[in-house]
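Which chain is which? The protein sequence lines are R and D, in order. Position 77 (the first sequence) corresponds to 76 in numbering that gives the first Met the number 0; numbering is contiguous. Position 356 (the second sequence) corresponds to 355 in numbering that gives the first Met the number 0; numbering is contiguous.
Think of the hints as simulated: they come from the structure by calculation, not from any bench. Note that the Cβ used here is the ideal one computed from N, Cα and C, for glycine as well. Please note that a few of the clues may not be correct.
What the hints assert, rightly or not - DSSO-like, lysine-lysine: derived pairs with alpha carbons at most 27 Å apart:
| no. | chain 1 | residue 1 | chain 2 | residue 2 |
| --- | --- | --- | --- | --- |
| 1 | D | K118 | D | K133 |
| 2 | D | K454 | D | K488 |
| 3 | R | K109 | D | K399 |
| 4 | D | K399 | D | K382 |
| 5 | R | K57 | R | K83 |
| 6 | D | K399 | R | K57 |
Claimed, not checked - Computed footprint of chain D on chain R; a stretch qualifies when at least three of its residues, placed anywhere within it, have a C-beta under 8 Å from a C-beta of chain D:
| no. | segment |
| --- | --- |
| 7 | 10-20 |
| 8 | 55-69 |
| 9 | 91-103 |
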Amino acid sequence: MKKTVKQAYKQAPWRIQIQRFGFIALALVGGTIIAFLYLNISAQSATAGIKIQQLESKRANLENENASLLTEWARLTSAIEMEKRALASGYQLIDPEDVIYIVVEGYTGKELPEIETVSSVIGSTSPIIKPSYTQSLWEWFYEYILIPDSNLKVLP
Amino acid sequence: MNHDNFFIRVRVIQVVIAVIAAVIVAQMVRIMITGSDLVSPDTRFETIYPERGKIYDRNGNVLAGNRVVYEISVNLNSVNTNQNQDQIIQTLFNVVGKDYSEKILSAQAYNAGQPDPDKRIYYLVLDDFIDPEKINYLEGYLQEYAEKRQDKKTARKLPALNLNGLEWWPHLVRTYPESSLASNVIGFVAFNDRTSPAYYGIEEEYDDLLKGNVQTIEISDDPNKMKEIPDIPPGGSLILTIDRQLQKSVENILDNAVRSTGSQSGVIIVEDPRTGEILAMASNPRMDLNNYADELAKFPEMGSFNRAIGVPYEPGSVFKVITMASALDSGTVTPSTTFNDTGSITIGSTVIRNWNGGAWGLQDMQGCMQHSLNVCLSWIAQKMDVELFYQSLTNFGIGKSSNIDLAGEIIYPLSYPGDTYWSLSNLGTNSFGQGLATTPIQMITAVSAVANGGKIMTPHIVKATIQDGVTYEYTPQVMLTPISEETAKTLTEMLAKSLELEASNALVEDYNVAGKTGTGEIAIPGQGYVTELTNASFVGWGPADDPQFLVYVWLEKPTSDRWGSIVASPVFADVVRQVVIYMNIPPDDIRMQLYANE
């Protein structure tokens with residue numbers, strides 16, 4: 000009769016505990032690494048967000064300042080001011096009989112002034128802020144992992 | 000025993016760590032999915048007002064622009080101590096010169112009694128439209144204070160300055176660098192109320208285009224939830240047909256004329272009849288648009304902000320241009336048709352006499368216009384017959400809108416045969432500009448047919464619009480063609496000759512001009528027409544052989560003299576002397592030489 004010999008052994012309890020502790024510690028370390036990465040990226044995106052807010056505010060202020068300066072320049076060169084300066088400089092209003100007319104070849108008269116020809120609107124219709132700066136981890140997970148097809152929408 | 004204790008402790012630590020980790024993960028997931036009030040500050044809705052479009056004259060000079068002012072506010076959530084609050088109040092008192100303590104305290108009292116957090120005041124606007132100089136002073140003051148606090152020598156003497164919660168935000172308001180220049184054309188925006196509509200003139204007429212698209216957007220202070228602020232384009236800008244220099248000259252001439260003739264008010268319009276462009280439109284009185292609140296009292300009557308489009312009046316003999324043009328064009332008369340003026344004519348129940356009550360004997364049509372004979376023109380209208388006469392007036396656009404692109408045009412409807420207030424007498428009186436009312440813009444528009452080869456171009460004041468950096472130029476349009484080119488030329492020659500023969504005050508050296516005076520009597524309720532009160536007018540154009548400008552002058556109730564030929568004609572001449580300079584129109588002999596060389 001053939002006997003099957005089985006060696007019965009059991010890990011020492013302390014070893015089992017250590018293993019379990021090690022697994023948990025490993026999970027914690029892994030979680031900590033993920034959390035660290037996540038927080039790091041979040042912090043970077045928050046910093047970028049703040050920077051963008053500051054830049055947008057700065058841009059708005061600059062646009063306001065430009066508008067103000069243009070108007071101030073217009074005030075300084077207004078008809079009344081220019082007349083004062085002209086008279087102070089010794090100029091005087093001309094009479095029709097004092098005007099000398101000369102023929103200028105090719106001159107077709109005054110044309111429409113070129114003003115505001117450069118649009119203040121940025122032509123691009125795509126958003127300045129990339130989604131990666133604004134979407135949460137969950138949104139990223141949902142968009143890129145769960146429904147990867149949606150990825151196609153944002154690819155250039 | 001020791002082992003057991005050890006394992007129990009390890010298990011407890013495991014459980015505790017696992018629970019903490021689970022709580023952290025659960026919280027992270029919750030924040031991720033639902034958000035949290037702790038890490039997500041309140042979002043707010045903010046209305047973004049784009050920069051209001053600018054208004055330029057035809058040479059690109061700014062007539063209406065924008066400037067920065069500041070709104071000062073307190074974020075009550077951030078004001079953490081009484082000292083903080085007191086320092087805000089004291090600092091603002093030092094800088095702005097106003098005491099805001101009552102405003103802040105009443106808001107806080109309200110919050111204290113308000114159980115619903117959503118209804119509490121967190122963002123309290125203390126003041127608005129603060130000049131940048133005051134904000135610059137405030138910022139300089141704070142910087143200087145901070146530097147002194149850093150300096151060990153002075154730091155001990157200065158208490159820490161806690162202005163938590165104090166905020167100031169820039170925004171733009173309308174401003175008019177030319178003050179009162181062309182104010183009657185431009186209109187104004189009530190800049191102390193950003194939701195208020197614009198009033199009068201260009202500002203009102205083109206308000207939708209100028210103000211752009213106001214948008215309300217959601218703004219979060221959480222940088223992780225930050226949304227891109229949409230790039231809201233500024234409102235469209237306008238380039239007017241007005242020439243700033245000419246406008247100023249014309250306003251000066253008008254103001255001097257009103258003063259020297261003792262007139263109640265006045266109007267001058269300069270138009271290019273070939274395109275319908277209004278080169279200058281002056282109305283007296285005017286106001287400083289930057290100070291509209293105080294100056295609106297100058298305009299008690301409806302429409303008086305811009306009398307050129309808003310005040311209809313009986314124009315008098317300038318209207319004879321329309322009557323004669325209609326008669327010539329319909330073939331009712333020719334320049335050589337004669338009329339024996341006996342000094343009066345009865346039409347309906349009204350006996351019509353000439354301006355001097357005299358009889359002028361045999362006159363051709365040239366003489367009728369030269370001497371401005373009411374009797375002759377009434378006879379012409381009678382000869383045309385009622386239906387044709389009024390059809391002609393309709394063809395000239397009398398009694399209808401001129402279609403000028405300015406807000407506030409008033410239309411005084413013309414009475415037609417069959418209307419309640421029409422009688423046959425109207426046929427006679429209407430022929431020389433009495434018994435009907437038009438505004439200066441309607442008169443100049445009608446007369447422009449004679450100055451422009453029979454065609455009336457739509458009068459307009461906007462030469463081009465600018466949107467998103469693209470300029471869209473207005474294309475001149477023919478509005479009406481009431482007479483033929485031949486009629487226009489014939490009448491222009493007649494009127495130019497009339498001025499020469501009577502040695503009119505309207506004549507301008509070296510320039511051949513055509514025109515007609517007008518002295519309209521004014522009807523006073525209960526008294527009828529009062530001889531002493533008149534509307535003195537003149538309409539003229541030139542150069543007569545190639546009209547490039549058309550000028551309309553109206554002086555209301557002049558006291559120095561009642562006749563248009565005395566008070567209005569020289570004003571026309573003064574205006575033309577300026578117009579030819581600004582429009583580069585050489586004297587006739589030089590111009591003819593240039594044409595010959597071409």
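We went through each hint and held it up to the structure:
Simply put, K118 of chain D and K133 of chain D have alpha-carbon atoms about 32 Å apart, too far for the 27 Å limit, and the pair is violated. Distance check on the hinted pair: K454 of chain D and K488 of chain D sit about 12 Å apart at the alpha-carbon level, within 27 Å; holds. Between the alpha carbons of K109 of chain R and K399 of chain D the distance comes to roughly 33 Å, so the proposed pair goes past 27 Å and is violated. For the suggested pair K399 of chain D and K382 of chain D, the alpha carbons sit about 25 Å apart, so the restraint of at most 27 Å is met.
Of the pairs offered as hints, the one joining K57 of chain R and K83 of chain R is violated, with about 37 Å between alpha carbons and a cut-off of 27 Å exceeded. This hinted pair does not check out: K399 of chain D and K57 of chain R have alpha carbons roughly 51 Å apart, beyond 27 Å. Counting residues of the segment 10-20 of chain R whose CB lies closer than 8 Å to any CB of chain D gives 5, so the stated coverage by that chain holds, three being the minimum. Check on the segment 55-69 of chain R: 9 of its residues sit with their Cβ under 8 Å from a Cβ of chain D, so the three-residue criterion for coverage holds.
A count of 7 residues in the segment 91-103 of chain R with a Cβ less than 8 Å from any Cβ of chain D is obtained; the coverage claim is therefore met, three being the minimum.
Violated hints, in rising order: 1, 3, 5 and 6; the structure is consistent with all others.
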